[in-house]
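Engineer: Using the sequences and the accompanying hints, generate a full structural model.
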Amino acid sequence: MTQRTTSLFRRASAILLLAGCAAAHADDAAPANEVRVGAYFVQYSTKAHDLSGPFTPDGINLRVGNVTTTYLTYVRRLDDNWGLELAGGIPPTAKTYGKGPATVGSVPFNGQEVATAKWFAPSLLLDYKFLDASSPLRPYVGIGFNYTRFYKLDSTPAGDAANGGPTRVRLSSSIGPAGTVGASWQITREFNVIAAFSLARVDSNYRSDTSGAIRTTSVRFNPRTEIVALGYSF
Amino acid sequence: MRSTIATGTAALLAAGLTACGGGSPGATINNSTTAGTLIESPPLRVASLNAADLTSQLTATSQGQQLVALAGTPTCGVDFHYFHYQTVGGKGESTTASGAIMAPTGGTGCSGARPILVYTHGTAVTKGYNIANITDSTNEAWQESAMIGAFFAAHGYIVVASNYAGYDSSPLPYHPYLNADQQSQDVINALKAARTALSDGLPSGDTDNGKLFITGYSQGGHVAMATHRAMEAAGMTVTAAAPMSGPYAMLAFGDAAIAYSSPGLGGTIYYPMIVNSYQQSYGNVYQATTDVFSSTYATGIDTLIPGQYTYTTLVTSGKLPQFAVFDVNTPGTGTEPSSGSPELDAILAQPSAASNPIGNLGFGDPYLFTNSLRIAYAEDALATPDGFIPSPTTLLPPTTTPALGIRADLQKNDLRGWTPKAPVMLCGGMNDPEVFYTINTLAMQALWAPQISAGLVNVVDVDPSTDGDPTKAGQLPTLVGTIAAGVYASEPTAGAAKISADVQTAVLSNAAFSGFFSAPGVPNSPQGVMALEVASVAAQATALYLGQGVTDPATLAADVGNGLVANYHFPLTQTACETAAQAYFAHF
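Note that the protein sequences, when read in sequence, are chains A and B.
For the first sequence, my numbering begins at 1 and goes up steadily by one.
For the second sequence, my numbering begins at 1001 and goes up steadily by one.
Calculated from the structure, these hints are not laboratory results.
The C-beta atom is built at its ideal place from N, Cα and C for all residues, glycine as well.
Treat the hints loosely; a few may be bogus.
Said to hold, decoys possible - Taking CB as the label site, the calculated pair distances span: (1) A/H49 <-> B/T1061: 27 to 35 Å; (2) B/T1207 <-> A/N205: 38 to 46 Å; (3) A/L199 <-> B/D1208: 52 to 60 Å; (4) A/H49 <-> B/S1137: 17 to 25 Å; (5) B/S1137 <-> A/N205: 24 to 32 Å; (6) B/T1207 <-> A/S218: 40 to 48 Å; (7) B/G1307 <-> A/S218: 26 to 34 Å.
Said to hold, decoys possible - Simulated coverage check for chain A against chain B, where a stretch passes if three residues somewhere in it have a Cβ under 8 Å from a Cβ of chain B: (8) 104–110; (9) 157–168.
What the hints assert, rightly or not - Partial selection, computed: residues in chain B whose CB lies under 10 Å from chain A: (10) E1040; (11) S1041; (12) L1044; (13) V1046; (14) S1048; (15) A1052; (16) L1054; (17) G1077; (18) H1081; (19) Y1082; (20) A1132; (21) T1135; (22) D1136; (23) P1203.
Structural biologist: As structure tokens, then:
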């Protein structure tokens, strides 16, 4: 974890401890809690070093396909401008595709779906809403950190073929900075709609094991997320 | 044994792997330490090439095109697998080793029940030798891997090739080089593990059809014959075998080199590997390395090969001499004291370049082996003479065990004295400067005369200049060098490229070689194949030396002749012998 990330983490934790007090002051102005449900459009801009390991030619790389999933978020209002957002979603199944030569040997590779994985990736963000609390349209920004844990990694038959046999894969968990910009439109006292764009930095170490042949690389996923959601305050 | 001085005759194979994989079950790991256990099943598939891609990648280079022309266009694809297995070391200790399974893929003749061909590789100096690593052209095994894949796996054989204990990932800290019992058991263990992989199921779906062929070159020729002997002794089925250019008559070979002053080319690599192997396995060669090695090289030589260094590095960095196996100051010459016996001094003397050019080259300073070793060795050779060296008597090793440790070890690993039940083709080149055909193959040929008469054993001398006639030995370098010089003398200003091409044409059309072709450039026999390669090397050498400024025809003749000698054992003879083995096995 970088020093900067650690600092952000500490700040966010401190704010969490203060959130109860702040909410007590906010009770009179507006509901303190908000849940959001919507759609999460995740685009990856994957950057990875070529895989290294035995029997691995140059130029072998990976690409992760975009996913859409359900967006679920809880926001704790701290005051008229500040809020604490725990953003997440139903863990999607991300598909990993081969990137590099068309074939490795005679085995198709580039563009082949070689693996699938699920990830659990909540972000904790400190949001700041601009304009007055009575304003129906309120832009906001948020900053915090993202935690990503990969699980249910499965090699596809194409992946096994390219790897040379049944393969186990590990992707290390990641903690990195996250940020969001968006706007909310208050429809009623309880309901609003939001549109937002989020970025996170997700760095992971890849390690595969095919019959003892260990291949590794480091991957930066750089998910860019577009969100459209309906919020309910209570 | 296999020369590390080579022009190359293999081809470019690329392949690869990777991607993401997942929580699906990986290979099953078998933790048994029983020899012959396959450690991971299924083994890693290093590369998978269909016939078209294999052909395309083989023919991407001129050397590869030549290989395909000789081996035939691949009719099958090949899955290259890398496997690990349990085996034993030279002292019977448990260890592991690795190897390759090359499984043919495709339609009829390439899948289903297929014959297994066990291939045993030649001398390698780098511990990282891995015949399964077809993806890495910098690996010392790559040419051999491509060659065997092209000649056999691409034509329907399931090739099983061990890297041998002590190489690649094997934790054994030494290699039991030319240890007949260990190496044959090691290969049998690899075969057992490969058969487990086949029965467990490989992606190719190939299965064992029960036919088993064994072949190997140089060191692998010895291993192939030892494996054949061990398998028949164990009651295992062998369909046919083709040992090639192997040092079968180990004691005779050693006596000729050490006692009778006839070291071979490459002896500075091969001989220390033998000494180290037998010292590790039997512990009776020396108390300290300085007992046998000169002080210049004694430190660290016991762990030098196989190791991290290539042949070129070993020589250029001064870790080993290039040629000087023995001290140029032999006993009783110069300031070197006599052995005390005029007879010994005489046989230990450096031969003249005219009478024995290869032997002559093996003497120099700094040198590898001490005169004290040579004296002790020669005394033992006179006391317990071999039946083939210095002159053929019984043709066999002595019936009593030599007193000197290294001679006793050579006798133990000498393959003379057994008779095969399955058909055998012995292949080699009469002028081999490294593993002497005139000792090793001719000794076996003489001993197996009844089997040759019965048609059980064939002997093939691929050298077109001798074609099995020992009386013509030694003429090839001069013959071809003279042809090259003649062409150059006839058109000295024509330019290196034209002279080189004309040399190639002149060699092929020479009466000594032209009878081995059914049409221009189309060989009708292994001798024709070697003639093609001889012409190619002569042309390349001509261009090289003219490019380096040689202007004297006599110098050019000598240089071209030396070029042939340097490339004779590998790749010239091996390539021709592989074509012979391929044709031979097709009969079964």
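Engineer: Going through the numbered hints above, which ones does this structure break? Give me the numbers in ascending order.
Structural biologist: none
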